[in-house]
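Novice: Quick note, the sequences are listed as chains A, B and C, same order.
Counting from 0, one number per residue, gives the positions in the first sequence under numbering that gives the first Met the number 0.
Counting from 0, one number per residue, gives the positions in the second sequence under numbering that gives the first Met the number 0.
Counting from 0, one number per residue, gives the positions in the third sequence under numbering that gives the first Met the number 0.
Rather than coming from a laboratory, the hints here were simulated on the basis of the structure.
Glycine is no exception: its CB is placed at the ideal position from the N, C-alpha and C atoms.
Pairwise CB distance ranges (calculated):
id, chain 1, residue 1, chain 2, residue 2, range
1, C, Ala261, A, Ala264, 51 to 57 angstroms
2, B, Ser59, C, Lys54, 48 to 54 angstroms
3, A, His312, C, Leu110, 52 to 58 angstroms
4, B, Lys229, A, Glu332, 52 to 58 angstroms
5, C, His192, A, Lys232, 36 to 42 angstroms
6, C, Lys232, B, Lys341, 50 to 56 angstroms
7, C, Ala261, B, Glu235, 26 to 32 angstroms
List of simulated lysine-lysine pairs, DSS-like, C-alpha gap at most 25 angstroms:
id, chain 1, residue 1, chain 2, residue 2
8, B, Lys56, C, Lys174
9, B, Lys204, C, Lys149
10, C, Lys231, B, Lys163
11, A, Lys411, A, Lys219
12, C, Lys200, A, Lys153
13, B, Lys335, C, Lys265
14, B, Lys208, C, Lys149
15, B, Lys67, B, Lys185
16, A, Lys404, A, Lys421
17, B, Lys241, C, Lys266
18, B, Lys140, C, Lys224
19, A, Lys260, A, Lys249
20, A, Lys176, A, Lys361
21, C, Lys149, B, Lys207
22, A, Lys195, A, Lys232
23, A, Lys4, C, Lys200
24, B, Lys163, C, Lys232
25, A, Lys96, A, Lys55
26, B, Lys14, B, Lys67
With the Cβ distance kept under 8 angstroms, some of the chain A side facing chain C (calculated, not the full set):
id, residue
27, Leu123
28, Ile124
29, Val125
30, Thr128
31, Thr145
32, Arg147
33, Glu149
34, Gly150
35, Lys275
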Amino acid sequence: MSDIKYDVAIVGAGPAGLSAAIVLAKAGVNVIVIERGRFPGAKNVMGGVFYTDCMKGIVEKFPNGAPVERHIVEQRMWMIDDESYVGFGHKNAKFDKEPYNCHTVFRAQFDKWLAKQATDAGALIVNQTVVTEPIMKDGKVVGIKTGRPEGDIKANCVIVADGVNSLMAKSLGFRTKLKKESVALAVKEIIGLDEKVINDRFNVTGGQGVTIEMTGSLFKGAEAMAFLYTNKKSVSLGVGMIIEDMIEHKINPNELIESLKKHPAISPLIAGGETKEYLAHMIPEGGYNDMPQLVGDGIMIAGDAATMVNAVHREGSNLAITSGKLAAQTYLEAAEEGDFSSASLSSYVDKLQESFVMSDLKKYKALPKLLQKNRQLLDKYPKLMNDAAFELLTVDGVSKQEKQKHIWKNMKQQIGFTNMLKDLYKIWRSVG
Amino acid sequence: MIDLSKKDSDISHYKDIWVFIEQTDGKPAAVSFELLTKARELASQRGCGVVAAAVGKSVSHLAADVFKYGAEKFYIIENEIFANYRTEPYRDAICELVIKYKPEVFLVGATTQGRDLSGTVATALRTGLTADTTGQEIDPKTGYLWMTRPTFGGNLMATIYCPKHRPQMSTVRPGVFKAVPVDDPKEGEIISEKINFTEDQIVKKILKKVISGEGAVNLGFYDVIVSGGKGMGSKENFGMIKELADLLGGTWAGSRMAVQLGYIPQSRQVGQTGQTVHPKLYIACGISGAIQHLVGMQTSDTIIAINTDREAPVFDVSNYCIVEDAVKFLPKLIEKLKNMQKFGG
Amino acid sequence: MHILVFVKQVPDASQVRVNYETGTLIREGVPAILNPFEEHAVEEAVRLKNEYGGKVTIITMGPPQASEALKQCLSRGADKAYLLSDRIFAGSDTLATSYALYEGARKIVELEGDVDLFFAGKQAIDGDTAQTGPGIATRFNLPLITYLIKIDELNLEEKYVIATRLTEFGQETIKAPIPVFFTVEESLNILSHSPLPYLIKAEKAEIELLSGKNVPLDKEQCGLKHSPTMVKKAFTPEKRQRGATLSGTFDDVVSQTADKIAPFLKKVS
Ligand SMILES: Cc1cc2nc3c(=O)[nH]c(=O)nc-3n(C[C@H](O)[C@H](O)[C@H](O)COP(=O)(O)OP(=O)(O)OC[C@H]3O[C@@H](n4cnc5c(N)ncnc54)[C@H](O)[C@@H]3O)c2cc1C
Ligand SMILES: Cc1cc2nc3c(=O)[nH]c(=O)nc-3n(C[C@H](O)[C@H](O)[C@H](O)COP(=O)(O)OP(=O)(O)OC[C@H]3O[C@@H](n4cnc5c(N)ncnc54)[C@H](O)[C@@H]3O)c2cc1C
Ligand SMILES: Nc1ncnc2c1ncn2[C@@H]1O[C@H](COP(=O)(O)O)[C@@H](O)[C@H]1O
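Excised from the complex, chain A in its bound form (with noise of 0.2 angstroms):
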């Protein structure tokens, strides 16, 4: 049986671990990366936004050649509740310039293509292969195991990048089990529609986009975020949810997405869509505090197995880009002291530090937490204020002043207003 030996092993041909392949396989490192999926991309989802910037020092000129879908020119944000919303939207000109701040994608495109970009720099993908553990020799990182005969790889590093669920950063005893209530299902699918009926619905032109993202409760009363974005010739219509409020609120994920398609914001905007994929995948949401341990003896941690996603944004791929691209860098420093203990890789952290990875992490840390337990941010507050627009909006006879006295009292009533203004403090001090 003869050894397989790379330079470094890479878990996950997602966005994280394709970062780090390209760079080092540019840099002339000898990398392998072993990907579960049928090809990079098969099995991978997301809603599609993909921010443009974070692409800096992997692949040049991006977009030229990727497929992207459209660039986004207007951002809507929704609070909704099962049969109303208020909203706001941001349309920039600015965003309508190259480069472009961000563009929808489709993964399995997506990823294909990076992968592509990965190979062409000389790094080797090997699909359709599940690495089970680590390979451990006193008490280092010394390669990965596969589901393969004769599967065993050494390597001097092993970067893990194998996504949400990482099954590694487990086996190593960087993280527990993932916890229900800090991880959210979320499905999605991909609506077909006629490009010209998405520009006129949409009130677009040409490659311009539009994204809509929604929060509050949709169904059954839980709390649920979703997003609808629109590509090409189809949209993507989203919704997650925490799985412990799925449990607690006996809400099948196919209930979900059938409710939001019925809502009445929604639907003419889907209307003679055909779905074309029915997805989903969970979002790590824990943030910051929920991180695992991201270094140890020949290994880093990177992109969603390192809870690297910003929930309040929907941010994910650019951090999982940015991450890997750090260890990568990390690596190359270490090669040129040929040492890969914890200590040398630990640059990562600090390089991590002082990237917006880990600043816009630590900014919203203690947001998961608090809308764990605060409900009434996600659910109540949006429908008191579709309540209130829906009052204030209707002509009916009774005055404004009336109206809106009975919406204060209608507040007070639901939450109280002590609990209001702590609320409002909360939120202030999580994301100020």
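The hints should help you fit chains B and C with the ligands onto chain A, whose structure is shown.
Specialist: Using the frame of chain A, we list chains B and C with the ligands on its own:
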């Protein structure tokens, strides 16, 4: 191999509709008579004759049946070497007949033997072959044969024709057309051809033949198929499936999952990688109705499904949906049917 | 020993859906896969290679994307893969396909040496014609063994093979000289889990390209224009509707079901 230079390239010289009479050990395949019946209809539209052709150790005894189903002529090649079907000598014999007598249309049953033979015959003759058809029609304008067949696992039907090459060949699924004898059968003409083959010219030797009840079976022959899946729970429970099939004069089959679990042999698998069936009645017991299964049975006339899951996709193609535990339901159903059989209802 | 396997990349028929309004297939998003029967053909070829020595070569005719299917064969342990791809093959029916593959295979014989065993799948799941294999065998004038379920014996010195195939009524075991052409059933073998070195080798392998440029072709036998069969029209079969759910007590449902089935009851003699 045949000498292609002898083949007439003027397609206007090709006449009549031919049917290959398939036989094994002298026993004819039912599909051959189905095709003769269909050929009569096509020939009357085309204004031509219906001709049968057979190759075998001895096939002349088939003449009575062949004429009963409407053939006007019966070409035969008999020789010891044809005792067992083998691709190459059968091909060469059929090609000889075709080159000599120039049929316009040549129909073959889409059986194991028919599919093996027709692919090689069509290539040897450099003509078109439409496989596994379920519809045959003569274009009234051009006189071409329109052959309709399912593709993409039955999701799409395609009508195919072969304008410039003769004969127009197709294999036809068993059971699609009904075999109907002619009212006043006429004594047709038997034309016997000789072929100068000897056994030592044939490189393939059959060492052993296993005729097995359990083994290969052409599910396409049956009007009723009772089929079981993983939901049957055990190999023993397939006893009920077999009993019901027997009661209905049909046969039994199953899903790939039933094969993988060892409940039934692969030769009885229905579906994309098993057999395609279209019986008058298909009873699916404990089968979810994965698309790979459905493509093999959704053209059945009547489908009855028994499944504990009200949402099982098999119900989407079923005429009657029974939301019950098949393992409990079948014994009762069998008992009831036995009573009906005994007491007539 | 040299084994040549003919493989086809097909749309995963189970994921093809029909748009009943337009009567067309929705092929978008339908993954292309290696035809399932060939997966077993390659498995068998590699098994034989590991037992008897030699090499396994793969050929497919198709668009450039078909190299994905070739890669999959390489990761099952095949040694070399050829993609036969040329515009002039577009729209080939089975006769034209078997011609193209015949010429491609002859080129491979020239490059890689004589072939002992030829393998193809029983049928491709997109067209289900089961003609291409017999077609190629006929052009090579090779003994053909279709519906292969077992290779009982392979004797390379005396150059013969003993193999078992399915027939309508059972099985038969045939002795044939080498070279020989097989089309295979799924039950031929159980797919093994490829070792990692195979996958690594596959990722590094170069796919060899064949086209009109390096394969001598008679253009009069290629592509749509020179295919004897033509598609007149394509349409979707009528969609089946979900029928009645039989309801009532258990015994009611049994009776109702029995009534539906009664017409098929065998007459007691
Ligand atoms: C519904 C939804 C919407 C989202 N929307 C956005 C958005 O709009 N914008 C944004 O930036 N982010 C979004 N995200 C987050 C984003 O998708 C993730 O943060 C990002 O994909 C993380 O990249 P990654 O490389 O760390 O992990 P992944 O993309 O999950 O990649 C991990 C890879 O590892 C492979 N793998 C896993 N285990 C093994 C194993 N044992 N062996 C081998 N391979 C393995 C997987 O198959 C996968 O390919 C969204 C997420 C979801 C679920
Ligand atoms: C390339 C490929 C080719 C394939 N080809 C074929 C093929 O040719 N043929 C084929 O069949 N499949 C084929 N399959 C497999 C197919 O996808 C399904 O996996 C298979 O058909 C499922 O078999 P099943 O319905 O028996 O089992 P399951 O899908 O597990 O369904 C069992 C069903 O039984 C029901 N059930 C359980 N208990 C009971 C009970 N007591 N009474 C009543 N109902 C009960 C359950 O509700 C369920 O619906 C293929 C797959 C692939 C990938
Ligand atoms: N384009 C092709 N390239 C290589 N092999 C093919 C091709 N088409 C068909 N085959 C082989 O022929 C078999 C039968 O195909 P078909 O006649 O299309 O049902 C397949 O299982 C393949 O092994």
